[in-house]
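Student: Sequence:
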Amino acid sequence: MRLNIQTDGAAFIGWSIYQQGSNVLVHQSAPVQYAANLGGATYGNVCLPDGDFYLVVTSSTGNGFGAGGGYRLETTAGVRLIDNTANFNSGSVSQIAGGQAFTLPAGTDRLIYVSCDKMDWRSNEYIVANDNAAVAAYHGGAFAAQTGYEMWFYNPNGGYSFRRFHSHAVSDGFAPNNPQRACHIRVNGWGGVNTIPAQSDLLNVKVRGRIMNIAQTQTVNLPWGPACRFKMDAERAECPLTHLMDVPGSVQLSCGATRAIGTGGANLVHARPVNRYLGGVSTPANRYQFKFIAETTTIKTSATGQYWVNTIGLDACKTYEVEVRASFNNGVSWCDIYDPTGPNPLASNPYAPRWGRMCFLTTACAAGSGNQNLAELQAGLNLYPNPNNGEQLFLSIDMVKEGVEKVNVDIYDSFGKRVNASTIAVNEGFVNTTLDLNGSLAAGMYIVNITAGDDTYTERLVIQP
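For what it's worth, our numbering labels the leading residue of the sequence shown as 7, then goes sequentially.
It should be emphasised that the hints constitute simulated quantities derived from the structure, not laboratory data.
Keep in mind it's a predicted model, so treat the numbers as computed, not measured.
Heads up, the beta-carbon is just placed ideally off N, CA and C, and yes, glycines get one too.
Take the hints with a grain of salt, since some may be wrong.
Derived pair list, reagent style EDC-like, types lysine to aspartate or glutamate, alpha-carbon separation capped at 20 Å [stated by the list, open to error]: (1) Lys237 x Glu131; (2) Lys407 x Asp419; (3) Lys412 x Glu327; (4) Lys412 x Asp460; (5) Lys423 x Asp404; (6) Lys124 x Asp207; (7) Lys412 x Glu434; (8) Lys237 x Glu301; (9) Lys407 x Glu434; (10) Lys306 x Glu327; (11) Lys237 x Asp123; (12) Lys306 x Glu465; (13) Lys124 x Glu244; (14) Lys297 x Asp321; (15) Lys412 x Asp461; (16) Lys324 x Glu301; (17) Lys297 x Asp252; (18) Lys407 x Asp442; (19) Lys412 x Asp442; (20) Lys423 x Glu465; (21) Lys124 x Glu241; (22) Lys297 x Glu327; (23) Lys407 x Asp460; (24) Lys306 x Asp404; (25) Lys306 x Asp321; (26) Lys124 x Glu156; (27) Lys124 x Asp252.
Distance windows between CB atoms, simulated [what the hints assert, rightly or not]: (28) Asn455 x Ile299: 21 to 31 Å; (29) Ala427 x Asn183: 39 to 49 Å; (30) Ile299 x Gly105: 12 to 22 Å; (31) Ser98 x Gly45: 20 to 30 Å; (32) Lys324 x Ala151: 26 to 36 Å; (33) Ala16 x Ile299: 25 to 35 Å; (34) Ile305 x Gly409: 25 to 35 Å; (35) Ala42 x Arg8: 17 to 27 Å; (36) Gly45 x Ala151: 45 to 55 Å; (37) Ala83 x Gly255: 40 to 50 Å.
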């Protein structure tokens, strides 16, 4: 394992690892004044046996590692055990409360991609774990009340620490009652003294499954999986951050991708669509703005109802830093409520910048061929992510024929039974929407049939909760 440190260079930094329970010191790094490196540098590569351990990190200045300073404890394979990146900027000691531990080897239970490192959580949203077949097997059985998933929310610097268990036998307000229901834990559904404030400190969250032992006489906790960052930010959730599409396996993956210059479907750069919640109602953003940064900066704004732009206006053979922001009023204003120089109350929050997380996009060295004449392109269907975890399915169709005002979307199971039906409006020749599946589809293969006027699109969909 290793420690990645971000520091302003002022503090003498020490770190120690103890065995949980016995408090035996198993590794110690004497205080060293590391060179300033807020981008992070890796130290350590410490070999530890399997077991449970806790980390204590110290600073000589009482100011943490300075503004923007922090650390990340991870295995040599890059599995995060504690992620305190850019978050240790006050105090002399950083340690999880109560000497609570990380586990080696780390478990395989983890949050789904869109729940991990989300920085604008609000109360009553569901944070979701990936389905574990060993846990799912207990659904509906004699041990349903004893088995499920436990999530651990904790502050790496000490203070808040709370574990929430969701068994198969409890809904936590989520439906339907299927093996994946226990994967969903409602944020602040527990209430009381352990309620996470609407504007919280940066926390970590982990998940582990709970099953029965072989003799079926007592429960067994599986090892904690990797850490994700977590932050409650109700104000930011009213106008959330976004960035280039980065969901693994998405056909619209744009973060770290390469695009040819052109206007066709293969030349589009996509953002991750975002919604906001006001008065209990979820509303999708209706316009996105992209900032492409190289020697000069190019701003491109999507059409209404679209979350993508083409690459016309960019230079070929170049790597851009790209940031994205969203609008909910057709571009009249943008989600840029963070103002580090003004009186805005979010000024002290380093996780609420004007734009979302930066991604790289590279333009190919030759213009895309056959993509410049949009009128000649056949409409294309995109469903993602596919395979899908059964929560949300993003659907887009480009270049719907003129005069078609709506499309019908039907999902059929392997027996030909229609299990989901939707009607979606066409906006300027495009369809761009999110289908909320809400865990209603069991694992397996489905056929998605879309009718748009005289055209019919068919795509296979795999559900892997």
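Student: So, against the hints stated earlier in the document, which numbers end up violated here?
Tutor: Hints 2, 3, 5, 8, 12, 18, 28, 29, 30, 32 and 37 contradicted; others consistent.
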